[in-house]
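Below are the chains, spelled out letter by letter.
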Amino acid sequence: MTGSHESSTHGKPNVAAPRVLAIASAGGHWEQLRRLSEAFEGCDVRFASTNAEVREQLPPNAKLSIVLDANAWTKFKMAAMMLQVLLLVLRVRPDVIVTTGAAPGYFAVRFAKLVRARSLWVDSIANAEELSRSGRLAKQHATRVASQWEHVAEREDVLHRGAVL
Amino acid sequence: MIFLTVGMQLPFDRLVSAVDRWAERSGRGDEVFAQIGPDGAPPIHVNFARKMTGAEFRDRLDACSLMVAHAGIGTITQALERGVPVCVMPRRASLGEHRNDHQVATCAELGRRYPMHVAETDDQLFAVLDATPREPAPRRASLLKPPESRQRLVAFIRDFCQGRDA
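Line order of the protein sequences matches chains X and R.
Each residue of the first sequence is one higher than the one before, counting from 1 in the working numbering.
Each residue of the second sequence is one higher than the one before, counting from 1001 in the working numbering.
For reference, chain X alone in the conformation it holds in the complex (with noise of 0.2 angstroms):
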């Protein structure tokens, strides 16, 4: 899939590890991923969000890019932030990306395929009935999708592998 890095890590300083880009939009879903992120340890990671803010949350020598924050309602704004992810994916060339949400995760997720990169959606845990409009829009390009909730991801036939709370 990937092809071009090894992919075994055992602790010591690899220098193909796996190039990651770990992106989510500011607030409740940045929160989430933030507290995933030990999950990229071994990992070359370029975290991205829409807020310069939570730079203040991450270590200080974390790579951070960030894209404009845009909601369905701003077409604009949206169509901009699609195209700084697009030249943010372009950029970094990622073998896998991984995103909580929600827009900025969807176009990242979108892109994945331009630079082969392996895509993991997980979907907020704020959708404990069912998956995320971004989170359906998502299952269709993404690798792999989990939901937080296993009623949610029994019903949405994704997969649920444990959750942030």
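Keep in mind that the hints are not guaranteed to be accurate.
To be verified - Cut-off 27 angstroms, straight-line C-alpha distance, at most; resulting in silico cross-link-like pairs (DSSO-like, lysine-lysine):
no., chain 1, residue 1, chain 2, residue 2
1, X, 77, X, 113
2, X, 139, X, 113
3, R, 1051, X, 77
4, X, 77, X, 63
5, R, 1051, X, 75
Calculated from the structure, these hints are not laboratory results.
Because the structure is a prediction, the values reported are computed rather than measured.
Once you've looked at the hints, dock chain R against the given chain X.
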């Protein structure tokens, strides 16, 4: 101190005005600080800000004896992580407070797992507010549960990143 927060995006006037009315009725408005969002209707009986930075938000959490909030996940997790008592009111789509009723589901599911008050009505909210002590709470331990479920998700994501999930 009672800290009211509705998130940085949408207004939640129903909750803000309920707390404002409680402040007037109880005479305890000086104990309340509200964050009401960029487009929220301002309260009369309590001090407020429209937005705040993440650092200000965390400082307010550490200083309060109760956080009253919309049922946003980021808001709730940060409060629980800092051991802050929580009372949430879910936003309702039928009242134009959000796109859908996912906050109602959040309250139902998280309310089962975590110690938090869920106020569906003003009266339920007032009862929690009435019972809140005036004194600032001492430094508290995290209320978040033992992390098995989170560790499991972390392990899954780690395996995915390392290409070991097949």
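For each hint, the structure was consulted:
Between residue 77 of chain X and residue 113 of chain X, the direct Cα distance comes to roughly 23 angstroms. Compliance with the 27 angstroms bound is thereby established for this hinted pair. Pair hint residue 139 of chain X plus residue 113 of chain X holds up; C-alpha atoms about 14 angstroms apart against a cutoff of 27 angstroms. Taking the CA atoms of residue 1051 of chain R and residue 77 of chain X, the gap is near 21 angstroms; set against the 27 angstroms cutoff, the hint holds. Among the hinted pairs, residue 77 of chain X with residue 63 of chain X is consistent with the structure: their alpha-carbon atoms are about 24 angstroms apart, no more than 27 angstroms.
As the CA atoms of residue 1051 of chain R and residue 75 of chain X are separated by approximately 23 angstroms, the hinted pair is consistent with the 27 angstroms bound.
In summary, the structure agrees with every hint in the numbered list given earlier.
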